[in-house]
Amino acid sequence: MQKFSAFELFKQGLNGQAGWKPQWRSPEPKAAYDAVIIGGGGHGLGAAYYLAKQHGMRNIAVLEKGWLGGGNTGRNTTIIRSNYLFDESAGLYDHSVKLWEGLSQELNYNVMFSQRGVMMLAHTVHDVQVFKRHVHANRANGVDNEWLSPEEAKAYCPPLNISDNMRYPVLGAALQRRGGTARHDAVAWGYARAADDLGVDIIENCEVTGIRRNAAGAVEAVETTKGLIRTPKIGVSAAGHTSVVLGMAGVRLPLESYPLQALVSEPIKPVFPCVVMSNTIHAYISQSDKGELVIGAGTDIYTSYTQRGGLHISQHTLEAICELFPAFRRMRMLRNWGGIVDVTPDRSPIVAKTPVPGLYVNCGWGTGGFKATPGAAHTLAWTIAKDEPHPINAPFTIERFRDGHLIDEAAAAAVAH
Amino acid sequence: MLLITCPYCGPRPELEFVHGGEAHIARPTQPEALNAEEWTEYLYMRANPKGLHAERWRHLHGCARFFNALRDTTTDQFVVTYKSGEARPDLKGPAA
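Line by line, the protein sequences are chains W and H. Counting from 513, one number per residue, gives the positions in the first sequence under our numbering. Counting from 815, one number per residue, gives the positions in the second sequence under our numbering.
Keep in mind that the hints were calculated from the coordinates and are not lab data. All values derive from a computational prediction rather than experimental measurement. We put the beta carbon where it would ideally sit given N, CA and C, even for glycine. It is possible that some hints are incorrect.
Just a few of them, taken from the derived set where beta-carbon distance is under 10 Å, the chain H residues facing chain W [what the hints assert, rightly or not]:
{"hint": "1", "residue": "Met815"}
{"hint": "2", "residue": "His833"}
{"hint": "3", "residue": "Arg860"}
{"hint": "4", "residue": "Glu869"}
Below, a sample of chain W positions facing chain H; criterion: calculated Cβ distance under 10 Å [to be verified]:
{"hint": "5", "residue": "Leu767"}
{"hint": "6", "residue": "Glu768"}
{"hint": "7", "residue": "Tyr817"}
{"hint": "8", "residue": "Gly822"}
{"hint": "9", "residue": "Thr856"}
Here are the simulated distance ranges between beta carbons [as the list claims (entries may be wrong)]:
{"hint": "10", "chain 1": "H", "residue 1": "Pro845", "chain 2": "W", "residue 2": "Gln641", "range": "30 to 36 Å"}
{"hint": "11", "chain 1": "H", "residue 1": "Cys877", "chain 2": "W", "residue 2": "Gln819", "range": "29 to 35 Å"}
{"hint": "12", "chain 1": "H", "residue 1": "Thr843", "chain 2": "W", "residue 2": "Trp849", "range": "43 to 49 Å"}
{"hint": "13", "chain 1": "W", "residue 1": "Ala543", "chain 2": "H", "residue 2": "Cys877", "range": "58 to 64 Å"}
Looking at chain H on its own, in the form it has when it is part of the complex:
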């Protein structure tokens, strides 16, 4: 069980959270302008890195808010969590 630090509530057990997938995938501002390749990229293609991963979490059974995290997928260690809307912290991980 992971211990996850919600930026609003502090450290809480993993059971209170749901995972929201890769972070910083912005919804297209002009959906009608996208071709099939760009839609595929937005909807389906994922970095799936071995190393630092920027990802969304939601503290569902707490404050219910979304936030982002940088986590090392080779150790499951959370490097930092930060609020939605903030830029990805400029950190170098083992495989980043």
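So here's chain W without its partners, still in its complex pose:
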């Protein structure tokens, strides 16, 4: 692998930057692999990387029906935080934040992880109570989170409107300083480059059309648009399409897929120093290093695979943004898009074995999967390699819905849905 460094940049500069090679190969699929990952987003590529790096499984492939990072990895608003209520969630999401903190060094790829702080606004008495409960629960779990008065919130984020003549005035905020953002494409590309270097075959434009099982019921091959590929282990990181892929193996899941929209403004000079989330009035905003305001909206009310979503959903969010940040009222939006998010009844993910031997699934991240990319990838790889979950993802099974061990982050209102 061609290492990236200041010296390498200087050396290539002497040659007119003409010596850079492609960062990963584009191989044709082999007839068989030791394991196959379905889904070439950050989660799937990361799982392949950790399988190769930490578990010595080098004869593996990642199958992607489109292009790398073209699904939800490239469609989210890149918010990273771990201030979830329950112990299980704190374990999983903070595992991710800790991996994020070393990821650029580990991958030799600048994923532009920026711990600029995530501030969640409270607008009602109920919000205040819930967020303060979160602050205490998080600190008991070793996750940083602190309560700010409206004045302290404005000091942290100067464009914020804390006047009391809003429909929903800001009554305070919970701030996780270790939270922030990262460059979404770089995460997919960094994992792809590092996995490829360890021998992983990354195969784009290869859609899985079927999963074959042997007489014992275990997986034995995947049927794809590039032919049959034999494998004893399949890991699925297909986000909104997980129900479709697992349906090929006859597995039903407690998932529903919804469109979730985001949009970016025209680029402007640095004006917005952190991430601000308001669950009550549905606004999520930060500023990218290119200068665009990155804005997240809510989901549509109906299930869909259209990657589109209704215009009134975005409009609703922009109205909230304009009230919270009056300075942005005259800004123009450049692009608006949707991704398909797979939502579980308790709004917690599933990273687990399935009832089918050799079939593993990482899904149900709903509206917040990007932040968990390294942690999901790491624990999925562990689960595939050892055929048993890592202690961190052990609670996140499919069977929790049967056994009543829900991890109910929906009721805990960590995020709006």
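Could you slot chain H onto chain W? The hints should help.
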């Protein structure tokens, strides 16, 4: 914004409606007879199809009545709406 045809009121904008999830999931007639797997299936497992989806809608800000619809989740096009209690129309969709 979708245009949805309520079987009672006719075509109305999406804002008047709420979505009620997958249709034709009947409440168990003998709840005490169900085991944990059957409860899980009833409460949580969903088809989530890419293609024709039979789903409940409620015309909340209109007649307030529930009805069912067949909608293509790859295009969001409503193929047909029908009253609660009626059987699912026998239609083949793109991925059905």
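Right, here's what the structure says about each hint:
The beta carbon of Met815/H comes within 5 Å of a beta carbon in chain W, closer than 10 Å, and the hint placing it at the interface holds. A cut of 10 Å between beta carbons decides the hint on His833/H: the least distance to chain W is about 4 Å, and the hint holds. A hinted interface residue such as Arg860/H counts as satisfied when its beta carbon comes closer than 10 Å to some beta carbon of chain W; here the least separation is about 5 Å, so the hint holds. Because the beta carbon of Glu869/H sits about 7 Å from the nearest beta carbon in chain W, less than 10 Å, this interface hint is met.
Given hint, Leu767/W at the interface with chain H, holds; its Cβ is 5 Å from that chain's nearest Cβ, closer than 10 Å. Contact between Glu768/W and chain H, as hinted, is supported at the beta carbon level, the nearest pair being about 5 Å apart and thus within 10 Å. Proximity of Tyr817/W to chain H holds as hinted, the smallest CB-CB distance being about 5 Å (cut-off 10 Å). Satisfaction of the interface hint for Gly822/W is found here, the shortest Cβ-Cβ separation to chain H being roughly 5 Å, below the 10 Å cut-off.
Checking Thr856/W against chain H by beta carbon gives a least distance of about 8 Å; that is within 10 Å, so the hint holds. Under the hint 30 to 36 Å, the C-beta atoms of Pro845/H and Gln641/W, about 35 Å apart, fit the expected range. Judged by the Cβ atoms, the range 29 to 35 Å given for Cys877/H and Gln819/W holds: they are separated by roughly 32 Å. The hinted window of 43 to 49 Å between Thr843/H and Trp849/W holds, with their beta carbons roughly 45 Å apart.
One distance hint, 58 to 64 Å for the beta-carbon pair Ala543/W and Cys877/H, holds here, with the actual separation near 59 Å.
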